[in-house]
Amino acid sequence: MNFKDRINAVLHHKDPDQVPFAPYIECFPSGEYERMLRNRGMGLVVRKPTIWEATPDVPIEKKVEGELSVTIYHTPKGDVRAAYKQHSGRLYIDESGICVEGLLKSIQDYEPIMYMIEDTVFHVDNTIYMDTVRDLGGDGLFTEYGCALTPYGHTRYIFGESSGFDTWVFEQADHPKEFARLFDAIIAREERRMQLIAESPSEYIRFGDIDGSWGPEVVRRYDLPFIKKWIPYLQSMGKICCVHAHAINLVFFKDLIGEMGFNVVEAFTPPPVGNLSIRDARAAWGKDTIIWVNFPETVFYQGPQSVKKYTQDLLESDPPGNRLVIGFTEMGLWGASDSETERLFKEGILAIADAIDEAGDFPSSSTVG
Amino acid sequence: MRDILIEIKNAIIDGHNALVKEKVEVALNQGLNPADILNIGMVEAMAEVGRRFERGESFVPEMLLAARAMQSGLVILRASLVKADFKATGKVAIGTVKGDLHDIGKNLVSMMLEGAGFEILDLGTDVAPEKVVAVVKESSPDIVALSALLTTTMSNMKVTIDALKTAGLRNRVKVIVGGAPVTEAYAQQIGADGFSLNAARAVNVAKNLVGEG
Chain A
0 MNFKDRINAV
10 LHHKDPDQVP
20 FAPYIECFPS
30 GEYERMLRNR
40 GMGLVVRKPT
50 IWEATPDVPI
60 EKKVEGELSV
70 TIYHTPKGDV
80 RAAYKQHSGR
90 LYIDESGICV
100 EGLLKSIQDY
110 EPIMYMIEDT
120 VFHVDNTIYM
130 DTVRDLGGDG
140 LFTEYGCALT
150 PYGHTRYIFG
160 ESSGFDTWVF
170 EQADHPKEFA
180 RLFDAIIARE
190 ERRMQLIAES
200 PSEYIRFGDI
210 DGSWGPEVVR
220 RYDLPFIKKW
230 IPYLQSMGKI
240 CCVHAHAINL
250 VFFKDLIGEM
260 GFNVVEAFTP
270 PPVGNLSIRD
280 ARAAWGKDTI
290 IWVNFPETVF
300 YQGPQSVKKY
310 TQDLLESDPP
320 GNRLVIGFTE
330 MGLWGASDSE
340 TERLFKEGIL
350 AIADAIDEAG
360 DFPSSSTVG
Chain B
0 MRDILIEIKN
10 AIIDGHNALV
20 KEKVEVALNQ
30 GLNPADILNI
40 GMVEAMAEVG
50 RRFERGESFV
60 PEMLLAARAM
70 QSGLVILRAS
80 LVKADFKATG
90 KVAIGTVKGD
100 LHDIGKNLVS
110 MMLEGAGFEI
120 LDLGTDVAPE
130 KVVAVVKESS
140 PDIVALSALL
150 TTTMSNMKVT
160 IDALKTAGLR
170 NRVKVIVGGA
180 PVTEAYAQQI
190 GADGFSLNAA
200 RAVNVAKNLV
210 GEG
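Sequence order for the protein chains is A and B.
Heads up: the first sequence at position 274 corresponds to 273 in numbering that gives the first Met the number 0, and the numbers run straight through without jumps.
Heads up: the second sequence at position 37 corresponds to 36 in numbering that gives the first Met the number 0, and the numbers run straight through without jumps.
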């Protein structure tokens, strides 16, 4: 099987020849190391939106302030601004950088932001999907990234990315009415987006995340009704729906994830970093849920032999191995800027490939044995 | 426990900012010992928030709201504590390591430690080892607390510990580490004195290291 056949076998509930090794492409610098891994069977997982948003009645101004790139939105209700830090080495090297100052910082910002949300129009370009799928051929998988956040998750990111969490929390407590209006406006916008996602040619849909910072009851209150409405609909349209569950405290979310009805639980980070084992997750979610592991890179610091043993144990913990994917969804080599870390990570990733070669064939040896 | 201390404790746990201020003022007006207000009303509240976090009954937002409520009480209480010559549990210099801009975990640990009576020197994010060395030289903290969210920046915890060794300062300060990807095994591997799985546990780790546990 080539990589595409292998990952599609897992996603479509058939049997692969081997557990797929499927990291996001941004977790690896393209070049000879990536080629070496691809020769070992690693696939390319490309996440792109086929839908993007624009606010036609909001002029945008961009400027540079020191090391920050600043975007100012001039709305009829007032101006709001966001700031992004750029040039952080291999990390955040995309055009925008990492958001260090979110749009919403005080109560005055609600009205302009509400205007922007209501002014939002969506543009669809299905050629992004078709071109990427054609370019990847048998080597990769296209992930629709146009609805990566749930409505409540969107409220969080309006306040920033690496910062703004505390303001987001305090605003909910201090200005609940304004926050509720903001949330309702986002819901209305996201309903429009989801219909477009349902009609898109993309098959594999990343939809929302489990961050772990806020609790399962909050997710139940804010996002579960939206999820329960849209996931069955998307599935009825032939979509395979995935939640990005990168929380390290998934034990507390185990039941909630079971209720959500996703086909794939991605970014699943097992112990020693996360607190939910694959075995316990499988017992909770059943044999058909696809568990897509985010390899806990902390193990790399113990050296390649430990990585290999760890991976073998991981593979053997989920027999028969036909609903399991091994990948990197958070870091990989992204951000490894010193030579020692890079060496450890590269050796570790090769050790994962070795372990999959030796213990990743379907059915797993633990079943056969 | 006096009713007013229970009220302060509950108001902090529930994150009622304004109510905590009001109740601390009432407690002071009733002539309560400021140290009792702090230790019995406030520190115990944060400890309870920590226990709930451990059990998965509270999450980061609840901790942040409680910490903010505690801070608002401390503002009222601080002058009385100074008058009473109240001593901090210890001094902690805390920061997110070089290359890492994330601050939620670091801020939570700061708040929990402050809530437990520690004096905090917040070094911010993306903190270079040289800066940690300079702070240890100048401010003599009891503990340096290092945070990392990224697996690729956690190696800078070791670089920082090595910089303290090179500067001849390693024996003058305890180093604790934490953050999503950090494990106890890694903490031991790099020679840290302590590791905490989360902000709630950091208090006990720090207290043990300064002999208050």
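Take these hints with a grain of salt, some might be off.
Stated by the list, open to error - The calculated lysine to aspartate or glutamate pairs, modelled on EDC-like cross-linking and capped at a C-alpha distance of 16 Å, are:
id, chain 1, residue 1, chain 2, residue 2
1, B, K157, A, E339
2, A, K253, B, E56
3, A, K3, A, D16
4, A, K308, A, E339
5, B, K157, A, D337
What the hints assert, rightly or not - Far from chain B, some chain A residues (derived; all Cβ distances over 10 Å):
id, residue
6, K62
7, Y72
8, D124
9, K176
Said to hold, decoys possible - Only part of the chain B face toward chain A is listed, based on derived beta-carbon distances under 10 Å:
id, residue
10, D84
11, F85
12, M153
Hints listed in this document are in silico derivations from the structure and should not be mistaken for laboratory results.
The C-beta atom is built at its ideal place from N, Cα and C for all residues, glycine as well.
Hint-by-hint comparison with the structure:
For the given pair, K157 (chain B) sits about 12 Å from E339 (chain A) by alpha-carbon distance, which is consistent with the 16 Å threshold. The hinted pair formed by K253 (chain A) and E56 (chain B) meets the criterion: a straight-line CA distance of about 14 Å does not exceed 16 Å. Our distance criterion of 16 Å between C-alpha atoms is met by K3 (chain A) and D16 (chain A), whose separation comes to about 12 Å. For the hint linking K308 (chain A) to E339 (chain A), the alpha-carbon distance of about 21 Å lies beyond 16 Å, and the restraint is violated.
About 13 Å separates the Cα atoms of K157 (chain B) and D337 (chain A), which keeps this hinted pair within 16 Å; it holds. Annotated as non-interface, K62 (chain A) keeps its C-beta farther than 10 Å from every C-beta of chain B; the closest such distance is 21 Å. Taking the minimum C-beta to C-beta distance to chain B, about 23 Å, the non-interface status of Y72 (chain A) holds against the 10 Å cut. The non-interface label for D124 (chain A) is consistent with chain B: the shortest C-beta to C-beta separation is roughly 32 Å, beyond 10 Å.
With a closest Cβ-Cβ approach of about 17 Å to chain B, K176 (chain A) is found to remain outside the 10 Å limit, as its non-interface label requires. Hint status for D84 (chain B): violated, given a least beta-carbon distance of 32 Å to chain A, over 10 Å. The criterion of a C-beta within 10 Å of any C-beta in chain A is not met by F85 (chain B), whose closest approach is roughly 27 Å, and the hint is violated. At about 7 Å, the closest approach between the beta carbon of M153 (chain B) and any beta carbon in chain A falls short of 10 Å, and the interface hint on this residue holds.
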